[in-house]
Amino acid sequence: MSIAAAEASVASPHTPSIQSTSPLTTNTTQSGFAFPTYTSFPPFYTLQPNVTTRAHQLDLWSSLVTTYCAYHRLFRISLSSPPADLFANRSINRSLKPSSIRDVLDHMASPAGGQKIEWLSTTAKGEQKDSCYVLWKSANEWAEEIHAWVDETGQKGTVLTVYELRESDAVSGKDWRDMDEGLLRRVLNVLVKRGKAQIFGQEESAGVKFF
Amino acid sequence: MSSNRRGVGLSAFSNAAISSDQYARHGEQLRTSHADALENQRSVFQAALHNFSLTHAKDIRSNPTFRAEFARMCRAIGVDPLAGSNVKGAGGSSGSVWAKMLGSSVNDFYFELGVRVVEVCRQTRAENGGMIAFSEVKKRIESGGGLVGGGMDVTEDDIQRALDSLEPLGGMFKTTTLGSTKFIRSVPKELNPDQSTVLGVIQILGYVTVSMLQDNLSWEKARSIAVIDDLVADSLVWIDEQAEEVEFWSPASMHVAG
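If you're matching them up, the sequences are chains A and B in order.
Just so we're aligned, residue 1 is where the first sequence starts under our numbering, counting upward by one.
Just so we're aligned, residue 1 is where the second sequence starts under our numbering, counting upward by one.
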């Protein structure tokens, strides 16, 4: 990123970025997410060569990505269009290289990194993975939460559509509203495996029955 | 011998013996009365100090300024609040005079603080390679750092004292001064003079580059690179490759807002 570009973006912070075509890039960058102070530390945007330091750095990144996504309720990020201000700090003119972003996400996906993200499988073979679900709550936690809500609202035994679970008024104020559909299916499958739910129908008109 | 007239004859010998004996006895008497007076003073003082520390135990623990004053008073009269406090119930002597006088609350305070200092050092070791500024430790202890007990109000003076109290454990925690900042070194490795110089420079500017070292210290390039490589290997500095020249930063500035 050139300094001129950085200055321009600082001068007009409300200009929509070129990435705003992506549904994942929200306009809430000015929304008051409190970035931790270490994001103003220039070396934070260079992956450290020292193994110990790097391990710590990756943990810091992991916690930043999860809190950021939880704050903005992002369920999925893609490498080709990551949230503009997450991996870059324009005020110090630093950004994490795409290959480093991949390293961070790979770390987060690993068991050592706490499996905070899950890569989406690619369509073509040999293609590099591009998108991942960010599990600021684990699939199990989501499953528990949804099941508890169904239980509380007395909807056990009735069939709910995926649409209802994601977008209806009944779930407004719930953390999982507008959850990425793929992730929601992943979560529901957890319940299916436990024998607490059953999925009917196909893609568009899928319905879920909870037990 | 202050006698004016020089004794004559054999009797002079016994006279001399008698007078020196008298002097000795008088001296002894003076000494005992003196010791008695001192002993008396000491017990009065002890009692006063004991009362003081009992009435103000709470303040000593909670108020850093008060504690500093108290510690200064102790230092002025030559007593170490920490001395011998770890011999609780050892045989018949039952602990140090100090611990008996003050109760264990003052000692406990510093031991507790010592434990927290060690915790902070260990938590941040991956980030700073075991070198942490006093101010950073202070900040982390005051914020509580996610501990159940919450924060403690401390001064850097207290931290130093707490570190001193850890000395019997083998002195793994050393204090070093780089530039004008005091650091706790929690990894047993000695810095060579070159490394200390570089870290000192970093404290002033926040970062350093190879050419800055060459220009300011008139070091060979190879020397500068070697020193910095060592520091990186010890995780004492972080690399920033996105500046015009590669910069090396101290992790101390990592948690400072700005």
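No wet-lab data here; the hints were simulated from the structure.
The reader is advised that the hints may include incorrect statements.
[Said to hold, decoys possible] Residues on chain B that point at chain A, a partial pick, calculated with CB under 7 Å:
(1) 126
(2) 210
(3) 235
(4) 240
(5) 242
(6) 245
(7) 254
Keep in mind the model is a prediction, meaning the values are calculated, not measured.
Don't be surprised by glycine CBs; every beta carbon is placed ideally from N, CA and C.
Practice task
Please name the hints from earlier in the document that this structure breaks, with their numbers sorted from lowest to highest.
Solution key: Per hint list: 2 and 6 violated.
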